[in-house]
Amino acid sequence: MSNAREKKRAKKMRNQPASVTLSSDCGPCPSGIQHHNGGSRSFQTPKQDLHPDSSQEFQQQRHQHQSPGPSYRKEQYFSKGQGRGRGGWRGGRQNVSQEMPKYITASTFAQARAAEINAMLKAVTQKSSNSLVFQTLPRHMRRRAMSHNIKRLPRRLREIARKEAEKAVHQKKEHSKNKCRKARRRHVNLVVEFNRRQKKNIWLETHIWHAKRFHMVKKWGYCLGDRPTTKSYRACYRAMTKHCLLQDLSYYCCLELNGKEEELLKVLARMCSIDTGPTFAAVPCLSGRLQGSLVLYRADRYPEDLLGPITFIWKPKDGSGITSETRQLWIWTHPSLKQDILTELKTVFQCSEPVETCSPEPIVTLLQEEKQTDVAMIVGKKRKREDNEGEKAVPVKKIIGDGTRVPLESYCWTSQTTGVVISDLTMEILRYRLIGPLSHCVLTEALKTASIQTEMADAETELNNWWVENCKNSEKVSLHQRQEAIFELLQGINSPSEIAAGTILGLTVGDPRVNLPKKSSKAMPNPEKYQGKEDLHRSWSCAQWKPLSNHTDDPDNEKVRQLLLEGVPVECAHSFIWDQTICKNVTENKIPEQDLNHMRGELLVPGSQLDLGPCESKIPILLVQQPGKVAGEDRPGWGSGWDIYLPKGWGMAFWIPFIYRGARVGGLQEGLKHSEYKRTPHIPNDFPDCPAGIQFAKELENVLLEKFKRRPPAKRANYVKLGTLAPFLCPWGQLTRDWEVRNKAQEESVVTSSADSKSGATERQVPCEPKPGLTIEDSQGDIMEEMAKIQNLCKEDGAATSSGFFVLRNRKLLKQLSARCRPTCGKGQRVRPASKLGQKEMTEDALLSIFKCYPRVLVWVSLSLLRKGSPELHAMICIPTQEDFLQLNKDQLFCGPQEPKHSDIFKHKILKLKERKKKKNNGNALESGASDALEAKAVEEPKELILGLWPDPLPDVTSHCSRILLGFVTQGDFSLAAGCGEALGFVNLTGLLHMLSSQPTDKKGLVLLRTPASLQYRFARLNIEV
Amino acid sequence: RAALRCRYLLCEIVSEDPRCRQCIDERAVGAAAKDAVARTHGDYGLACCSISFTVKYLNAYTGIVLLRCRKDFYRLLWSALPFVTYLENRNQRYSCFFNTLHVGGTIRTCQKFLVQYNRKQLLLLLHNCTSEGKQLLHSYILKGALLHMDFVLCCMMHVFHFS
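Chains A and B, in that order, are what the protein sequence lines are. The opening residue of the first sequence carries number 1 in UniProt numbering; numbering runs sequentially from there. The opening residue of the second sequence carries number 1 in UniProt numbering; numbering runs sequentially from there.
These are computed hints drawn from the structure, not numbers from a lab. Treat the hints with care, as some may be off.
[To be verified] Going by beta-carbon spacing under 10 Å, a handful of chain B positions derived as facing chain A:
| hint | residue |
| --- | --- |
| 1 | Gln22 |
| 2 | Lys56 |
| 3 | Thr62 |
| 4 | Leu66 |
| 5 | Arg108 |
| 6 | Leu122 |
| 7 | Leu125 |
[To be verified] Under the rule of at most 27 Å between Cα atoms (straight-line distance), these lysine-lysine pairs were calculated in the DSS-like manner:
| hint | chain 1 | residue 1 | chain 2 | residue 2 |
| --- | --- | --- | --- | --- |
| 8 | A | Lys231 | A | Lys868 |
| 9 | B | Lys120 | A | Lys11 |
| 10 | B | Lys56 | A | Lys8 |
| 11 | B | Lys56 | A | Lys7 |
| 12 | A | Lys812 | A | Lys266 |
| 13 | A | Lys11 | B | Lys56 |
| 14 | B | Lys120 | A | Lys122 |
| 15 | A | Lys12 | B | Lys71 |
| 16 | B | Lys112 | A | Lys151 |
From the three backbone atoms N, C-alpha and C, an ideal C-beta is built for every residue, glycine too.
Could you build the full structure based on these sequences and the hints that come with them?
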């Protein structure tokens, strides 16, 4: 610190003249010294020897009176003079101090003055501060853009400023602008540049649109829009709840499995468990009617080794009745999980052989062919000019799909034994998500179903040939008409949440660019068409999202009701998007925007509707309903919407029409908020037990740590003093381990003392048993089964998984837990049905025994704060003590207890280390035993301590603070949807059960939340939503 | 926080005895000035002047001294400076007096003044000498090309040699 200050001062004083004193040796010395310059130098040398280290001293000497350079030169000059025989003055100079002859006085006098002038001029003219010239000007003399234009500076400073500006130019990296802007912006060159830039990170088709409006981030190998540059946090929330929020989810990866149904199901069953919910074999999903979602595990490793959550769609069967036909399955994964899942799938299915026919190579060659035809067709002026310039001008084509793919690598694998084909369809299918109650309005307004076409538009192009083929088949035409009718009926529903979760509707639509409105407007439902007038002013707030009123006799309304009740029939889920050749055809035969605009310009009545007739492209799409909030009691169906799947190449053609219908666009941040308000885990933030989640947590820690370190130590939170052990990373492993140890210790101490109390508890249960009857026994039996299963698992895994933890995803157990977390008899609430109570008590022992044998389990919980406070990332979830409840009972406005300040035990150590380092640096010359020992100690220190953070081996995390730690928050914010602070996180199951068993019944599920940078605990209610 | 204003007194130590230059150092000059203040203004004056009093710059060869004092009390120091009659260093005492050249608000103005003053002095000196190099030197000094000290000194050597 002081060293830096010294340096700064030395820099500032480097041009200032130092005092010049007559050397003491000079006077008495009779004849040795030639002139005073030399004298001063000889005087300096002993000084230098005295203080070799002090830099300031050195600086002073350097700038003493005359800088060494010139004085040396002077001397040289003088010696030259001597050589020329003009040494007469020298003899006189010797007498200066004694007799001072007159004529010599003049010379010394002049010399001294001249030297002084020199020094002073240096001090006056040369600036010594670190700032630029225009920064040193007083404020009233500053002008705008001074650094840019030196003519705005006062004239006396221009010279210096010019020099500075030159320096700055040198520092700036010179980027090659070998082409003028006009050339760079020319379409061909622009495409080349864009193609070059998307070699490293994949660009979505809406990239350019996003890049103009969003903060872009590079994540998971993609360039994605993080959040809009405009101020739109609330506007996006409003769009989500009241209108429609649009998201480009094309970065999600699609893996296609092709094979016999039994084969697929048999193998996939190993990768998921029925405990976590419906699997691949669930009937509505298998038929292709609904989209399913589940979590994948490594084969036969449930409940550990999570791979990640996925959604999947089965292609509906073509001909019913044939069981052993080949089925097509799409598995949609997050890009961070894709590699793991793909490799696991490949090993499980034993698919290792790359398939040549399926690989995108033919596409590439085809593209190249097309390029050539392209050139042949459009040899325009520009192309010609380029050709003149250089013969090897290669025509460029916009990259559609994955730009990072290596052309020779295969993306399709098959297995010899089972015949299953796995192909990686990343970026082949686009996916947009529309969230909000009016998203179906946006869809129905923007899209128009394709018209039936039996005649080919043009014999030589293959545009729409698949559609013409299709239209010749009357069955398929009728199917298309049914799909169209259902799509029309969508206008009649109030919100997408009314339709069954995951409903799939296949569709073939016309080119959405054709009926683009002139002005952007908000798509609103047309209630008169399908409903009675009394519903006209129905507000769209989420509280009123309820099924249609059914007291009108309108036949259309009838139909809508039927749709809501029965859902979309299976055959309507059929879409041509499953057929890759058709997709390719559609992608390649897209009419370019330019041609479309040209045709628009040639319309007889400007601005009238463009009718392409048979030339209009037909695009197969897939609409999939996304369920909103399903768990929990409040806001059911919040945040539901539609996903739309498109063939690649059509991204912008669909994007702009949606925006013209009033959809607001959100980025990754909005997606995160959506899942937070929906209280669903977000990928990959909330999957701490899968590799992508671990990776994500590590990256987040690095980012936060860097941010923390950038601040000066005095200006950042001292987490040691705040008692926060891990502010940047949730130590799940240690948390579970500590609870295990704690539990064991408790058991040992309790076993002897509470044997009688336990027996009492069992006695209490006895009278309950007969009441609930059969159902209870069933559930008990289930639980016992579960228990047995898990116990078996424990035994199997044994020591191998001793360090691991996993997240509980067993639905039955979670339901039990969820019931136990609720306060049983509040003030307003009456006692719940006896059967439920009995069930709970029945399961208590069972649960406890389960978790005793497998303690390293985390549970996903949602927390809502009772009163004030907004939880943050990595906030701590703690168990309140009895006193806290007492205080809460006494004072309803009681915010929560305070954590006493901890002492920073590392501060001393850090200071010591610093001193030691300094000593080491200073005393390198001194080689003594003591210093050696110190150094040895310093070497022993493994890692550098950071002020305000606990060094790596953390102490017991559970009992570090005054309240016992239960878990951590992974998402937390003030929820605009709920109107209070809400958080999502994980708690340790052992700890949760321990807490629940000791809490009074009306305060069940109350926990304390504390953000990492605060000492204040706040009460929150814990919920487990299944 | 308002900056505390200072005044800088640029003085010249004039002495008959060339040996006096030996004892021009910061301690001696400071002590002499303080002594004079104490004699003329008493303890109060001494205390007032001692606040932030330092010798900022000193050149034994030209006898230039730059003293710093608080703006409120620089008059006390200024009025006391004529009463300095000697400098004492290492038990040697040489009579001299202080000639105040300039009072400035910043070191920078004092330095600028000093440049001008020294130039004037050199010109005065040149007026007295007569030689062929004189005209040359004169023109250079007037042009302010004194930064090329090597060349100037070279010329001066010619001048002095011939004179």
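Hints versus structure:
no., hint, in the structure
1, Gln22, "5 Å, holds"
2, Lys56, "8 Å, holds"
3, Thr62, "5 Å, holds"
4, Leu66, "9 Å, holds"
5, Arg108, "6 Å, holds"
6, Leu122, "5 Å, holds"
7, Leu125, "6 Å, holds"
8, Lys231/A x Lys868/A, "26 Å, holds"
9, Lys120/B x Lys11/A, "32 Å, violated"
10, Lys56/B x Lys8/A, "19 Å, holds"
11, Lys56/B x Lys7/A, "20 Å, holds"
12, Lys812/A x Lys266/A, "24 Å, holds"
13, Lys11/A x Lys56/B, "18 Å, holds"
14, Lys120/B x Lys122/A, "18 Å, holds"
15, Lys12/A x Lys71/B, "24 Å, holds"
16, Lys112/B x Lys151/A, "25 Å, holds"
When held up to the earlier numbered hints, the structure conflicts with hint 9 and nothing else.
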